[in-house]
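Number of protein chains: 2
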Amino acid sequence: MAAAQVNKRKRPYGKAINLSHGSGGKAMRDLVEGLILPALGCELNSPLEDQARLPISLWESGGHMAFTTDSYVVDPLFFPGGDIGSLAINGTVNDLAVGGAEPLFLSCGLILEEGLLFTTLESVLSSMAQAARSAGVTIVTGDTKVVPRGGADKLFINTAGIGRIPAGRQLSLMAIQPGDRLLLNGYLGDHGAAILQARGDLALEAEIQSDCQPLHTVIAKLLTAAPNTRCLRDLTRGGLGTVLNEFAEGAGVSIRIHEDAIPVRPVVRGICELLGLDPLYLANEGKLLAVVPENEIEGALAALRRDPAGEQAAIIGEVLPGPAGRVRLRSHFGGERLVDMLVGEQLPRIC
Amino acid sequence: MAAAQVNKRKRPYGKAINLSHGSGGKAMRDLVEGLILPALGCELNSPLEDQARLPISLWESGGHMAFTTDSYVVDPLFFPGGDIGSLAINGTVNDLAVGGAEPLFLSCGLILEEGLLFTTLESVLSSMAQAARSAGVTIVTGDTKVVPRGGADKLFINTAGIGRIPAGRQLSLMAIQPGDRLLLNGYLGDHGAAILQARGDLALEAEIQSDCQPLHTVIAKLLTAAPNTRCLRDLTRGGLGTVLNEFAEGAGVSIRIHEDAIPVRPVVRGICELLGLDPLYLANEGKLLAVVPENEIEGALAALRRDPAGEQAAIIGEVLPGPAGRVRLRSHFGGERLVDMLVGEQLPRIC
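Chains L and Y are the protein sequences, given in the same order.
All letters in the first sequence, in the order written, are residues 0 to 350 by numbering that gives the first Met the number 0.
All letters in the second sequence, in the order written, are residues 0 to 350 by numbering that gives the first Met the number 0.
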């Protein structure tokens, strides 16, 4: 692993972040060249250039370029199943993937608080490098800023991503039609519950792992099995409930989901009951919702279930003609209730 | 201006940022659709998609894609000559431009502190929109996070940028050769001095304006006049002194600059003397250093001087064969001193 090549005993860049590491001068160069670039395995990027030069030949068979960005401010930095580093890679990879893009290149912008320990930074960078390798993306350019103590909370990461959308692929919520089915790739709410637990807000025996994972491979399989898939969305902040409302409103349709069909781990359901949370609004970092035409839904389900990221995949509902914008949940007992967008906030700094 | 279209009296998104604006739910959507997208004039970006879809035809005549990122944490948010919004556009535009790229698309990642006033956010977004229009770039994708009070200082912005490098253009410090001349496009240190003044650290009558400006237009003129220009660099954190050292070390050459030739405003020179700062290390946000072969230097100088961003351009030094990595300054009195990289930090949160 690239991070192992960093000589941790020597740490020529110091023991903790100080303001000189953001100066643009010698200390910053020592940090960037001595720790950040080797830890991230940035080979394409010359440390002396402020921008990456990328080959355009990747697009010679046509298609589009996908471009996205996310900042990550999760608290705590480390949680069961991931940390801010793996989140910053997988989150942006997934934003590209749900647009139908093959993720290719990432940027990495770090905002560090004075006093941040290098052991912490090293762990996060090593995790980023590992997540990038797993997802097959390359970090090609970056930036490091340092703010005085109290000006930020430890460490924030921004990643922007570039991907390739193959020619002819067009996923859009405008393509959603009555009769389409809704497909979810697994348990809902694991990330939100893992963060709650990592904050010490819960006294639980069972450890809940975040579902933080890249989704582009399972999405590629899904799109092969169900080429007329209408659209995809990852279920991060705001959760399933919010995405369903965006779909219903954007496409001018009604959506019905079935409580019994939605996979939620018993421990997560228990936490929700305890704290008065709704798993429909819990954040996920490795879950996607696909809208698939009815004649392709069984193939799509089978394709998801053959992938480790989709073993618990389930068909959770269907698209109805109207009333436009309305989302309903059919409960275990047969009644129906409206599902609104998330109003207010559920958990700050969840990602 | 797009920002003017925002109905400031109504503010359906609230009066100040609260945690629900980062929830992923309804309040966040109201903020993004009610304020951020109209203020930034984001037309390419569908508010309901997490990624932009960009045409690849822009590159059909070949060349490369440039990709860069920077986070902006400047304190204070507003200063004479600019603010964090114009800085976040121009800084990333310039990182693309000094690589020889035509800037095209930007992303915008906002980290907002709970309690940030909407009047502040509106001003910053309006400034971003104006700077983007001036520079001819489009903000095509974005992200908004909110952290609880005390978790960040008011407002941080990350922008990543994509540009097009024309086929055959290759700027690199490895191309620097003995005999080349150094060209600077104007007064050194205005941004650093403006920030110092805006912080109230100085009791001065004269107002110093930051030089915050986009450089791609003046760079295009320079490259037409001097097509064999070796390389370019913008002189941000670390200042001229640090870039000279990077050039000398990277290219294995020696560099000599002439104190009398370097344009510094008397008021900036006065501040430096007062505070014990060296203008060679002050940050700039609209200054570039070009390394140009001797036979093209007069044309390059004339081209810069014809542009508003280069009226005070000057030839400030030359490249010598060795000793490798050494930078010397010939002083007003004829003596010489070594110019090292910036060691320690000069001014935190300068950009």
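Take the hints with a grain of salt, since some may be wrong.
All copies of an identical chain are treated as equivalent in the list; a pair is satisfied when it fits inside any one copy or across any two copies.
Said to hold, decoys possible - Here are the simulated DMTMM-like cross-link-like pairs (lysine to aspartate or glutamate), alpha carbons at most 25 Å apart as the crow flies:
#1 LYS14 - GLU295
#2 LYS25 - GLU317
#3 LYS153 - GLU113
#4 LYS220 - ASP74
#5 LYS220 - GLU59
#6 LYS25 - ASP74
#7 LYS25 - GLU272
#8 LYS153 - GLU112
#9 LYS153 - ASP29
#10 LYS153 - ASP74
#11 LYS220 - ASP277
#12 LYS153 - GLU335
#13 LYS153 - GLU293
#14 LYS25 - GLU293
#15 LYS220 - GLU121
#16 LYS153 - GLU245
#17 LYS14 - GLU206
#18 LYS153 - GLU101
#19 LYS220 - GLU295
#20 LYS220 - GLU310
#21 LYS153 - GLU317
#22 LYS25 - GLU248
Don't read these hints as lab results, they were simulated from the structure.
State whether the alpha carbon distance between LYS220 and GLU121 is at most 25 Å within one copy, between copies, both, or neither. neither (34 Å within a copy, 43 Å between copies)
At most 25 Å between CA atoms: does that hold for LYS153 and GLU245 within a copy, between copies, both, or neither? neither (34 Å within a copy, 29 Å between copies)
Go through the copies and call it for LYS220 and ASP74: within, between, both or neither, with a Cα cutoff of 25 Å. neither (33 Å within a copy, 48 Å between copies)
If the cutoff is 25 Å on CA atoms, where do LYS25 and GLU248 land: within, between, both or neither? Let me know, please. The answer is between: 13 Å across copies meets 25 Å, while 53 Å in one copy does not.
Indicate which option fits the pair LYS25, GLU293 if close means a Cα-Cα distance not exceeding 25 Å: within, between, both or neither. Answer is neither: 61 Å inside a copy and 30 Å across each miss the 25 Å cutoff.
Cα distance capped at 25 Å. Does LYS153 pair with ASP29 within a copy, between copies, both, or neither? within (20 Å within a copy, 29 Å between copies)
As a check of your reading, is LYS220 near GLU310 (CA-CA no more than 25 Å) within one copy, between copies, both or neither? Only inside one copy: LYS220 and GLU310 sit 13 Å apart there, 58 Å across copies, limit 25 Å.
Alpha-carbon proximity between LYS25 and ASP74, which holds within one copy, between copies, both or neither at 25 Å: Answer is between; shortest inter-copy Cα gap is 22 Å, intra-copy 31 Å.
Please work out whether the CA atoms of LYS153 and GLU335 approach to 25 Å or closer within one copy, between two copies, in both situations, or in neither? Result: close neither inside a copy nor across copies, 45 Å intra and 43 Å inter.
If the cut is 25 Å between Cα atoms, do LYS25 and GLU272 qualify within a copy, between copies, both or neither? Answer is between: at 23 Å across copies they meet the 25 Å cutoff, but 53 Å inside does not.
With identical chains, the pair LYS220 and GLU59 could be close in the same copy or across copies; at 25 Å between alpha carbons, which is it: within, between, both, or neither? within (23 Å within a copy, 30 Å between copies)
Regarding LYS153 and GLU113, is the shortest C-alpha distance of 25 Å or less found within a copy, between copies, in both, or in neither? both (8 Å within a copy, 17 Å between copies)
The structure fails to meet hints 1, 4, 11, 12, 13, 14, 15, 16, 17, 18 and 21 from the earlier list, while all remaining hints are met.
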